[in-house]
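K.L.:
What follows is each chain in one-letter form.
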Amino acid sequence: MELRPELQLKAAIKALKDTIIPAVDSRHGVAVEQANLVLHSLEMVVENLPRQYGYDRHELDSWVSLASELIAVVEGGELTGQAVAALEPLLQHHRDTLARARAEPAELHQGILAMRETISALVTAVLDDGSNEAQVKMQHYLFSSAKQQLLRERSWLAPMGLDPELSSLPPIESLLDAVKT
Amino acid sequence: MLSVNKNNFQGIGGEAANKDFPSQAWIESLCEKYPCEKELEKILNRKLRRRVSVNFSPVSLETLCDGVGKLLAVQLNEPFEIKNPRWLSGGASKMQMAFDLERRSPQGGATLVPLVLRMEPAASIVETSRLREFQLLAEMKGVVPVPEVFAVDPDGDFFPYPALICGFAKGVTKPSDAESRVSGIGVTFGNQFRDALGRQFVEHLAKIHTYDWRGENLGAFDIPRINSNQGVEWKINLWQRVWEEDAREEIPLLTFVAHWLRKNMPPIDHVSILHGDYRSGNFLFDEESLEITAWLDWEGGHLGDRHDDLAYAAYSSWGCRSEDGKSFLVCGFMPEAEFYERYEKASGLSVDKKRLDYYRIFNGYKMCCIGLATAYRAVAGGKTHQDIALTHATAVCYPILDDLRKTLEAIV
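Chains as they are written, first to last, in my numbering: chain R, 1 to 181; chain E, 1 to 412.
Just chain E, same shape as in the assembly (with noise of 0.2 Å):
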């Protein structure tokens, strides 16, 4: 019979491999046939080297708690001591633990910081470098409302994976009173949230774009070049490599894809700082106050076109329809149109339609690699914490998939 495994690759020099087992000259010719931004590059070759040898048990508070203890004691010139450790629920990517860290200055006094570690698993849904994490969220404490980032340990030296430790930030994903699907997708605001909540959503993300970020700080971030496609096909390349690491079954519709997105590539005009997964669920506020107290999940963020961010937000997942169903909402906020008018209007930066559309098919195909080949992996190989999520974000791609087929028959 003849047939094909996806799991099998046809390695160098003709030998059979399995994707289970990447042997070095596979994950070599993987960055030969796709580069991308170096530090990316080097958390897929860990994720593909890991692969083999780690897999994934339970980790305990205990062993948490020893880690931070550990990192701590190597920043920290004074006594301290780790309280409360809990769980923290939230995210489908990453173990996080709250806690409270009692710091005793020489003169007697004591202070009890509460704080969050964020630990990858065995094998993320998304591999992500706790490096540009813990870079990103230092460069944007006073240009939006981010947890402030206290320790990073971006080899995993002191803990079973690699993590980071930052400020827990007070607030809420959601309105108590509303529902939300896994991972804070599509979450309802009523009324009483959407001005207030819509209008800092916005300026946010304008602030965010127009941040001059030249300097020093963003060491792990591969800056692309301006009036070029360079930081586009870094992009595709990055997702196409994933997508070639991960995927067991092939999707010929995006195989297509994949083409028309290089094929297209549209030229950056103006280098942003993007967030990477802008969107309802991502942010805390207060219920009271009806202020944005943080924006989480910068794993995924980087230097790009603000189109990505914007096309992104505006996702039909992320949104709802308005109550008399006659329009849809930015992540339950305002209808799209206007959503790109403020932003305009915000950051001075122009809105563009065709690149909105471009990068509206990049998001679906991004998220199509994340759900059908990474989830996919992740679970098969039993790599993270909550593998029962990540079938969730799988079925997620499938409606995603078809929105794909739909834009591309309009647009091709």
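Okay, chain R solo, but in the shape it has when bound (with noise of 0.2 Å):
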């Protein structure tokens, strides 16, 4: 899905920059500085955005190595006990959230490029050369999950308003959500 965050925000902080505040009328002081903070706000955004994922698991893998040290040296009366007891399934738990939490985002991007292309290559040579059973299984299969992907890819932009049947499309949460089960 070529409409990503980062390439959304990159377009409207061009906009800002290049047409929005130079319109601003100069002897509003409190427009032209807060235009300019809503610019730094957004570039920062940009910055941040890839490194959002490895910042939640750098700061999940310290709360977790914290939660381990503290267990291992705490002791006390029924209060430290009970607190212990809630903390020790959480610990638990979340090493395994972060043993699952190995790929990065744009390693997944980057399947996700590969794969689609290296399947166009297969349509390609499939419709050149395969059997005629070939080429209307596969067709089938092609139709089927563009509908698929189409549907989710429809769901994820419909804030912006433009599609003509957004009342039919779900919710995006419902789409990725059966795929995370």
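Hints may be right or wrong, so weigh each one.
[Claimed, not checked] Quick list of in silico lysine-lysine cross-link-like pairs, DSS-like style, CA-CA up to 27 Å:
1) R:K147 x E:K406
2) R:K147 x E:K353
3) E:K38 x E:K263
4) E:K406 x R:K137
5) R:K147 x E:K263
6) E:K38 x R:K147
7) E:K354 x R:K137
The set of hints was computed from the structure by calculation and includes no laboratory data. If you're wondering where the values come from, they're calculated on a predicted model, not measured in any experiment.
Since each chain sits alone in its own frame, please combine them into the complex, following the hints.
P.N.:
Structure below.
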């Protein structure tokens, strides 16, 4: 899906810089100041967006480490015992979370691009010299996959209000959750 | 990790290169692989060369006025002054400045001519030729309402980028109380506009398609052979090339579509001038007289099969449902069957359902190349004056892609 948040933010920043901020009335000091603050905030978001996953993983790792260290050393009365009992299962759960959070988001995106490219090459090859039966079967799976993927893409972009069948699109969460489970 | 980055491609001799830095060898290989009209090939080659060397930076009205002054000084043998320069909105591809030209005669009189400058940004959502637009506008004068053309700078000798100057046409693209989306897409016309504008909408298309274009004036256009699919092949080559040089991520469904289009090319039985973007939002009209005052955006015009324009005009993205919800109205005017029936009557040319289906798929493919490949590449490079509007053009393409899927599933 080409309309990724980083591309949209880049375009929004350019519109602010090149068109909108130069047109803000310089006599309206608050407007000028806030327009520039919006710009700087968006520029920071662009910088940090690709790092957010790594940041969260690093932070969770820090809390898991601290929890592990604390559980190993703390002792006390009933209250301490209850607090440790609450923390221990959480520690186990999020050790597992960290173990599963190994692939980088960029690796996922590279995988998407690679699969798209290589499947397209297969489509071309089968249409060029595949058997009739293979072509018919490929067509079936290609259309079926496109139907599912386009529903996700249209649902993702629904907030832009440009889809002629907005009301028939399911919420994006329902589609993404279906894959997760 | 095995990965393929669509920004990279296997260049000549197996040498990996980057789409953002196209080599001359790669450009030449594209020309060989995808032969199309010569002027369009020149424009696409220029696009790729500019991708490396030209970044877009905001252009001031002063810079544009300076260019207008120098260009008109070559053409006019009388003193003149440029007055009241101002930006015009509208359109997702060209920068537009309106201004008044005060022409002073030797006898001392002065006339004020309202004009518009249309200039390309560093990269456009669709790369087109200002020379072709100029020639087509000149040719269509007196056939259908068009802005009068004054001057053209096809290679950007007077302006930062190629440009043309034409008359300022009065009118509106939509009723004052109507809403529409980016670039005039999806205009809703009330009953008071529908009959009068709908009648002209059909009649003008018929006049364009039946106009005898043979002569010396369309030198920037290649003429497709009649009763052959040569012109269709040029178009498929053009858009497949655009896809290859601009797209980052591949779409297997579109690969299938391109193959289907090539396999099913219909011969052209009558070569017409095509507008190339014939829809609501691309004409101006007077709200009082209900007359269409100008047809705009001829940049995609070419010689080809009338069914291309017909299928494009009837595309779902430009139309709306009737008030009772029972029928789809072409560009908000009339049901599709009535549109074709009235066109046949006005033009004397037949409308063939099979070719309409073909061009509906072709137009979907073309729009996806524009919105999902070129728009992406232009925005990613920060190459235009309204990248934010181009992201909307990208979003519009996903329903179009889904429509392509449904249409193909029904046909194949």
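K.L.:
Confirm or reject each hint.
P.N.:
Going down the list of hints, with the structure as the test:
{"no.": "1", "hint": "R:K147 x E:K406", "result": "holds (9 Å)"}
{"no.": "2", "hint": "R:K147 x E:K353", "result": "holds (25 Å)"}
{"no.": "3", "hint": "E:K38 x E:K263", "result": "holds (23 Å)"}
{"no.": "4", "hint": "E:K406 x R:K137", "result": "holds (17 Å)"}
{"no.": "5", "hint": "R:K147 x E:K263", "result": "holds (23 Å)"}
{"no.": "6", "hint": "E:K38 x R:K147", "result": "violated (38 Å)"}
{"no.": "7", "hint": "E:K354 x R:K137", "result": "holds (25 Å)"}
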